[in-house]
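Top to bottom, those sequences are chains Z and H.
Using our numbering, count along the first sequence one by one with no gaps and you end on 119.
Using our numbering, count along the second sequence one by one with no gaps and you end on 205.
It is worth saying that the hints were derived from the structure and are not from the lab.
All clues stand as given, with none of them false.
Here are the simulated lysine to aspartate or glutamate pairs, EDC-like style, with alpha carbons at most 16 Å apart:
1. K47/Z <-> E88/Z
2. K76/Z <-> D32/Z
3. K73/Z <-> D32/Z
4. K47/Z <-> D129/H
5. K42/Z <-> E193/H
6. K42/Z <-> D89/Z
What you are looking at is a predicted structure, and each value in this text was computed from that prediction instead of being measured.
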Amino acid sequence: GENVEQHPSTLSVQEGDSAVIKCTYSDSASNYFPWYKQELGKRPQLIIDIRSNVGEKKDQRIAVTLNKTAKHFSLHITETQPEDSAVYFCAASEVGGTASKLTFGTGTRLQVTL
Amino acid sequence: NAGVTQTPKFQVLKTGQSMTLQCAQDMNHEYMSWYRQDPGMGLRLIHYSVGAGITDQGEVPNGYNVSRSTTEDFPLRLLSAAPSQTSVYFCASSPTGLAGNEQFFGPGTRLTVL
Chain Z
6 GENVEQHPST LSVQEGDSAV IKCTYSDSAS NYFPWYKQEL GKRPQLIIDI RSNVGEKKDQ
66 RIAVTLNKTA KHFSLHITET QPEDSAVYFC AASEVGGTAS KLTFGTGTRL QVTL
Chain H
92 NAGVTQTPKF QVLKTGQSMT LQCAQDMNHE YMSWYRQDPG MGLRLIHYSV GAGITDQGEV
152 PNGYNVSRST TEDFPLRLLS AAPSQTSVYF CASSPTGLAG NEQFFGPGTR LTVL
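Please put together the full structure from these sequences, using the hints given.
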């Protein structure tokens, strides 16, 4: 099955700096890569996703890049703000028949300091 | 729309007790799934369903049963709770099981097994 590795496990940046979180996946058949943000005590929520036919996608201060050859994808957050502090999870989707199953990374705790 | 709802929010069980975690969605989603979240391990898929009457195992199914008698409900049963099942449980749904559909998470159930 799919295996997703995520680094770093913790990341501390100063407000206004950029943050980068990296993930690698093992199954070359995976074709959908979402990123979820989970604030303390809350549910995970989708913030951005990318499909395998696209190399980069941006949404305001966040962007995701995908390198299919190397089987890695990254989340970039620019001009970080205190409200960006949360745990971020990457995931990869393994398509099997009529069902897709998300495999998640182990998470990155991002802390944005003033 | 209430989205995805879960009950209870918190539960404490003794080893060997049984219980059912409830999950419901009012978005007419075909696909529903259960994840458990443990520190440092991300979210791991327990069971999933692509529609009423159809269920399948995820990554960590042992010790858990599910059924899907209606589109709206997807309960998770623990027949004989063990301390290793202490975790936060999230239910999620998406319009279909095809890769590329956003998964919407419920608020979670924090389960402690003594």
